[in-house]
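Chains S and A, in that order, give the protein sequences.
The C-terminal residue of the first sequence carries number 245 in my numbering, and the numbering is unbroken.
The C-terminal residue of the second sequence carries number 245 in my numbering, and the numbering is unbroken.
There could be a bad hint or two in this list.
One copy or two, either will do: identical chains are not told apart, so a pair holds if it fits within one copy or between any two.
As the list claims (entries may be wrong) - Mimicking EDC-like on lysine to aspartate or glutamate, the simulated pairs with C-alpha atoms at most 20 Å apart in a straight line are:
{"no.": "1", "residue 1": "Lys2", "residue 2": "Glu73"}
{"no.": "2", "residue 1": "Lys177", "residue 2": "Glu221"}
{"no.": "3", "residue 1": "Lys139", "residue 2": "Glu205"}
{"no.": "4", "residue 1": "Lys91", "residue 2": "Glu118"}
None of these hints come from the bench; they were simulated from the model.
There are 2 protein chains.
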Amino acid sequence: MKRIRMTVAYDGTNYNGWQIQPNGVTIEGVLNQHLSQLLKEEIQVIGASRTDSGVHALCNIAVFDTNARMPGEKISYALNQRLPEDIRIRKSEEVKPDWHPRKTESIKTYEYRIWNEEFPNPIKRLYTHFTYLSMDLEKMRKAAEFLEGEHDFKSFCSVNSQAETTVRTIHRIEVEKEGQEIVIRVSGNGFLYNMVRILAGTLMEVGCGRRTPESMTEILEAKDRSAAGPTAPAKGLTLVSYQFF
Amino acid sequence: MKRIRMTVAYDGTNYNGWQIQPNGVTIEGVLNQHLSQLLKEEIQVIGASRTDSGVHALCNIAVFDTNARMPGEKISYALNQRLPEDIRIRKSEEVKPDWHPRKTESIKTYEYRIWNEEFPNPIKRLYTHFTYLSMDLEKMRKAAEFLEGEHDFKSFCSVNSQAETTVRTIHRIEVEKEGQEIVIRVSGNGFLYNMVRILAGTLMEVGCGRRTPESMTEILEAKDRSAAGPTAPAKGLTLVSYQFF
């Protein structure tokens with residue numbers, strides 16, 4: 001028996017998120033199905049991030065145990081032959097039998113992308129959230145500074161979350177312009193349910209002048225979801241990197 | 001009667017190209033259908049570039065004549081309400097009644113995008129052509145220099161073209177790296193059928209060492225399609241800008 005870790009990239013457009021569920025096609029479900037066929041035994045992957053419906057990833061992590069003799073690093077090539085084009089295994093490798101992606105300290109980085117022009121761009125529509133409202137990036141950056149560090153992010157967490165604690169550490173929030181795209185890049189040791197999308201929705205309200213950068217302090221203190229801005233749409237969000245320690 | 005010019009962006013993935021045809025959905029067909037419904041008269045657009053199936057555009061041009069009273073600059077907003085999300089009108093305006101997009105001198109710019117990494121990126125798969133072969137950009141740039149200027153591009157034209165002359169002027173070919181993407185940006189006064197895709201396919205062969213930069217001269221002199229490289233896949237190609245004089 002050996003444990004295999006895979007780095008998985010996917011376009012979330014056509015999936016009901018990562019986590020397997022009774023109705024709808026999920027990334028986890030598709031991986032289990034094709035791995036089981038490939039390795040001729042029942043495979044159950046464990047994901048590092050259970051991304052929501054419509055969210056994309058360049059590097060989610062999945063581990064599983066197998067008795068198959070196929071070398072760990074070959075599995076990616078064999079599995080990619082079977083997977084649909086919108087899921088790719090970028091790497092597979094053997095890890096220690098007790099390595100667990102959700103029990104290992106990590107830094108995750110998400111990017112939230114906003115297409116900011118008078119009209120949406122058809123070739124970016126599946127990977128960006130569109131707004132024609134003009135955005136003040138300096139104000140967004142100033143607001144972001146209030147959110148960096150260790151805080152109780154209860155106000156930035158969807159009410160149906162079951163997290164034990166709502167304290168998290170955001171290492172960094174960058175707000176950048178790339179052509180007509182605004183990129184909000186958030187790194188942290190872990191995120192609450194919908195946290196990055198609520199951060200993005202709130203920073204957008206700062207960007208268009210509906211909130212002040214300083215009001216971030218009040219939102220954090222409120223510890224109440226209704227104090228923060230809206231949850232920005234899933235399609236703008238991509239899990240871009242994962243570092244384990 | 002007035003003539004309206006529209007700037008049209010589209011994701012070509014789900015269309016059988018620009019030009020209307022008996023079977024399959026085309027950009028031209030969808031524009032005619034929705035404009036006719038909107039303006040309550042039969043509308044026939046004329047396109048500047050009849051892009052192939054799967055090719056994208058940020059700024060193709062369509063003109064049409066109408067008796068409708070709706071001001072030219074309002075048509076874009078009204079039409080975008082009706083169009084599918086993968087087609088957007090970026091601008092509409094009244095032009096002189098004799099203005100014709102294919103009879104006006106212009107410079108068109110196309111970008112051909114290549115995803116160059118060990119594995120394809122699912123969220124780029126519809127807008128880039130993938131290769132894991134390592135590419136020497138300096139050699140590609142050197143080859144591109146031989147192709148700039150006025151030449152007979154017969155070798156870079158699909159055999160089923162009906163063009164009267166195969167002489168064209170390429171103003172510029174840039175080869176750039178953007179992250180893991182290689183961008184081949186080609187500007188010219190007009191292009192033959194499949195010309196940019198054959199240029200891209202040939203430059204990729206130079207990039208991976210299968211041809212020399214100097215061999216471009218022989219290809220041009222051969223005036224024979226079989227002397228050039230393969231036609232690179234449509235999905236990597238986007239019409240990015242149009243300038244009229």
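Here's how the hints hold up against the structure:
For the homomeric pair Lys2 and Glu73, the shortest alpha-carbon distance inside one copy (12 Å) is at most 20 Å, but the shortest distance between copies (64 Å) is not. Taking the closest pair of Cα atoms, Lys177 and Glu221 never come within 20 Å of each other, the shortest separation being 30 Å inside a single copy and 45 Å across copies. Taking the closest pair of Cα atoms, Lys139 and Glu205 come within 20 Å of each other only inside a single copy of the chain (10 Å); across copies the shortest separation is 47 Å, beyond that limit. In this assembly of identical chains, the alpha carbons of Lys91 and Glu118 lie at most 20 Å apart only when taken from different copies (10 Å versus 40 Å within one copy).
Of the numbered hints stated above, the single one contradicted by the structure is hint 2.
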